[in-house]
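Chain A is fixed; fit chain B onto it per the hints.
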Amino acid sequence: MRIGLLYGMDVPDGCHPADAYQEIMEQIRVADHLGYDSVFFEETHFRDRTLCPSLQIAAGYVATSTHAIRIGTAWKTLPLDDPIRVAEDFAVIDLMSNGRVILGVAPGARQMEFQKYGKTWDTRWECFEEGVDLLIRAWTADAFAYAGKHYHVPGHATGDPKNPFQPEPYTGPFVVPWKRVGKRWEHIASTPKPAQIPHPPVWVGGYGMESVDYAARQGMALLLSPLESLARVREKIDRYRKTAQAAGQNVRGQAIAVARDVFVAPTAAEARRSVEGPLAALYQRHVDDGVLAEAEGKKVAANDLRFDRLAEERCLIGTPDGVLDKIKKLQHETQANHLICRINFPGVPHERVLATIRLFASQVGAMLLA
Amino acid sequence: MEFWAGNYGIQRPAVYPRHPATMYAELVEQAQVAEECGFASFCVTEHHFWYDGYCPSLLTTLAGLAARTSRIRVHTTALLLPMHDPLRVAEDAAMLDNLSNGRLELSIGMGYVPWEFEGLRWPKKTRGNRIVEAMEIVRKALTEESFSFESKYYHYADVRVRPRPMQRPPRMWYAAGGVPSTAIRGGRHFLPYFAGPGADIESVATCLEAYRKAARAAGHDPDTQRYALIRDTCIAETQEEAERILREDLIPMYEEQIIGFGFITDEQGNPLRALTRDHPYYAKMLASFIVGTPERVIRGINEYRKLGFEYIMPRFISANFNHQRLLREMRLFAKEVMPAFRN
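Chains as they are written, first to last, in the working numbering: chain A, 2 to 371; chain B, 15 to 357.
Treat the hints as calculated values from the structure; they're not laboratory data. This one's a predicted model, so the numbers in the text were calculated from it and none came from an experiment. Think of the CB as a built atom: it goes at the ideal place given N, C-alpha and C, for glycine as much as any other residue. Do not rely on the hints blindly, as some may be mistaken.
[What the hints assert, rightly or not] Computed footprint of chain A on chain B; a stretch qualifies when at least three of its residues, placed anywhere within it, have a C-beta under 8 Å from a C-beta of chain A:
1) 70-84
2) 106-112
3) 340-347
Okay, chain B solo, but in the shape it has when bound:
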C-alpha cells in the first residue's frame, strides 16, 4: 500500500488570507516533512484565474520542491492536460524528471471549469477526446526517440524531445473525478485510475464499477490495473479534536471553494452552486471525509482498500491553510496509521 501527501493548491482564500510567498515557503517545509514521514509522493493541484491565487503551474512548483527534497516523488494531481500544449508539458516533464533524479509522477485531469478553458483558449467541448490523445502524446514524447502524432486536434511531426526523461515514461494516472462518464472513458482506454475527493463511498464504488465494466468490455482485465483515491482526512489524538479541525479548516474551505468551482455536481453533471446544508449532496460530501482518531482513520481507509484502492492520498486540511496543524496531522498519520498498512 502506498500513501501520498499533499494535494494543495497554495491558496489564500477569504477565510484564510496570507501572503502567497509565505505559503510557497511553507509548501517546501510540508514536502520535507512528508518525505521524513515516509509518504511516497507529494502532490500539488492546478486551477487557473481563481481569485485566491490557486497554483496555475504545477511542474514549476514541483521543480521548486524537488530542489529541496531527495527521496519523495513529486506528483501533479492533477495536471489539466486539455488546456495545455502537450508538447510543452512533455518538455517540462522531461527536464523536471532529470532535475529530480527520476522522481516525477504525472496524474492527468480533464478540467471542468469553463472560464479556465476560455482564458487559456482551448475548447472545453472536446476535452474528453483530447485528454486521451494528449496523454498518448506525452507518453510518446517521453518514450520515443522521435515521435509524430496526427489527429483532428493535435499535429506533431518528427519531434525529438530533449533531454529524454530518466523514467521512460514517468508513472502516469488518469484522474477521473467523481462522475461515471469519465470513469467509463478511463476504463475504455484502460488508463490507471485515480478517483477524486468529495464523493461518498457509494459514489466511489459506482464509478469504480463503471470503470471496471468498461475495461472488461474493451478486453482488459481490471484486476491488473492500479487504483488511487483522495480522501479528505482530519486526524487527531481525540475525536473532539479531529472534529474541530473539520469544523474550522475543512468545512469553511469546502463551502467556499469546492462549491464555487462547481466541483459537486448532480447526476447530470451540472454544478450545484447553491449547495445548502440541508441538501442531500451536502450530506454526501460530509460522508466522504474521514474524521477521527488514528483507529477510526485506519477503519476508514480499510473500507476503501476493500474496493481495490492500493494508493491512498489522505489530504489533510484540504487546502494548505493551517501549516502547523497540517504538519501535526501528517506526523500523527505516519506514526499511527501507516504501520497498520505495512505489508
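Next up, chain A with everything else stripped away, as it sits in the complex:
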C-alpha cells in the first residue's frame, strides 16, 4: 500500500492565503522527507475558502521544493481547460520534478465552473474522452493533427471524428519546422515532452460510475474521492475489475487509489476532540455543494453524517493501531493499492497536522511497509 497526501488548499477564516499556502508547503516538504509516496491537490474555482484554482501552479511550486514525493492532481477538470495546454504545463512540471507527475483527470462535477468559463456542461463527457486522447497524443506523438468532434488541432484540421488522430506523414531526416513548406500549419508537435516515458501516468477520477467504466475500458488507473462511503468504494472497485475483464484490459498492475479523511492521535478521544468539529463543517459543505450526493449516487441521510458514522463509513480516525487495522481491512476487501490521506482538514491547526503527518508515517506507514 502506497501512502499519499491530499490537499484541498483550505484557508481558515482570518488567515491570509499566502500564509496558509506556506504552511501547506512546509507540510509537504516534511512528508517528502518522511517518505510519503505522493501529494495530490484538488481543483476548485471561485470559492471563498478553498483556494486552489490552478493545479499547475501548486504542482510547479512543489516540483522544485521537494526531492522524491510524486506530484498528483485529484483531479484536473479536463473540459474546463485546453488539453494541449494541460499537456504542455504538466510536461514542464514533469521535467522540473525529474519525472514525478501523476495526472488525475475528471470530466467535472460543478456546473457553475463551466458556466463561468463559458464551457458546455452537457458535452463534458465527450470533451473529457477526447481530451484524454488528445493529452496522451500531445505527450507522446511527433507532429500530429487531431480532428475530433469537439477538438480540432490545429484549428483548421479536418478528418473523421471516429478516427481523429493523424500522424504527420513526413518521414525524411529531421528538418527544422519553418523550412517545411506550406503556408498553413497542418501538424503540430507539442513540446517539450515529459520526462517520464512514455508519459506521466493518467489516473481517472470523477464521482460517477461512468468514470469507473471509462477507466476500466481504457485500462487506466482509478482514483476514488474521500467522499465515497466504504460500501461505494467496494462497489466501484468491483465494477472496475469486472468491466476491465469484459473489455479485455489487464489492470492487475494498475494503481487503484482511494482517498480518505485521516487523522491519528495517541488516543481515540484526542483524535475525536481534534477533528469532530472540522469534520462536521467539511461534510456539511460537501452536502451544500451537492458533491456528496453525486459521489454516493444518492442523497446521504443526515444520520450518516454523525461523527461515529463518518468515522465508521468514510474516514480513518483514531489511534495508530486502530487506523492501521482499518487500512488493512480496506486493503484486503478492495485490493486498493494506493491510499491518499487528507490530514489537513480546514480548522485543524498547522502544528497538529504536522504532528499527525509524522505520527502516521512512523506508526502506520512503517507498519504497512512491513
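Same frame as chain A, now just chain B:
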C-alpha cells in the same frame, strides 16, 4: 534604475543539445544567482510547438522558481495573452502571487507565430484588439471583488477569482516587439511600454517616438509612463572575450532561432526568413547587441537610458545555452555595471 535578469526559453536547439530536465535545474540556479546579484526580477519567455522544447508554460515555471528564491520578482516576458483564456491566466497569476509572497510581475505580449495561434485555436487576426481587452480582463479579475466583461471576443459574468492576489494587481507591462504599429496601440491605451530585442537603437527610438505621439494624441502625458527594454548583452573582462561569447553563443542562436521564428521583419512586418549576413537587417540585428567590457556596456546602456528607458534587461547568452558562462556574465554585470547606475 532597475535591472532584470533572464528572459530564457529553456531551449535545447540543434546548436546546443542537452536534456531539458537539466536545463530546468540550471534555470533554478540562474534565478538564485540573479537574486544574489541584486537583479530586480527573473524572467522567462514563451513559445509553443517549437522543436527545441521552448518553454510553453511560464507561470508554472515561475512557480518552480518562486519556491527556491525569496526576494527576486518572478516575471513573464512575455506571456502571449491572446492565445490563452484570460480568466485562467488570472487564476494562475492570483495563486502564484500568493505562493511567491507578492513577487509576480506580468509582461504581456501579443504573439506573432502563426502556428501557435493555429495549435491553440485562437484567431491570429484579432490579436491586436484582443490583447488590450484581455489585459483589461486580467486587471479586473485581479483587482475587483467580482467582475464581468462583455465584448465581441470575451464573455464573463460575475466571476469571483479566488484567491485574491497579494498585489492588486501585480505590475503589468505591454511588450511591444519591434514595429511601430504595436507601439502605437500601446500608446493609445497608455500601457506601460516594454521594447523587445533584435532592433537597433534607431528602430527602438522610432517605435518609442510613435508610442509617445500616440499617447499624447490620446490625452496622456508620456513622461509619466514606465519604459523597459531588452538588450542582448555579452559582457567580459576583455573585448576579445566578449566577442568570443558573441560568436559562439549569441550569433548561432540568433541565426537559428530568431530568423526561424520570423522575429526580424521588414517595414511591412513580413518575416525575413532568408536573412543572409550581407542583408541590411542583419547589420541592424548585430547593432542591437551590447558587446564588450563593463565600461563599454555602461556606455551602451546609457545611450538607451537617454531615450527614457529606466528598466533594462541585459539578456546574457540570449537563450540559457551556456550555464557557467551565463553565471559569470551575471556576476560581472552586478559587480562592475550595476554600481554605475545606483541613484
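Hints, one by one, checked against the model:
1. 70-84: Per the Cβ count (12), the hint holds.
2. 106-112: holds (count 5)
3. 340-347: violated (count 0)
Checked against the numbered hints above, the structure breaks only hint 3 and satisfies the rest.
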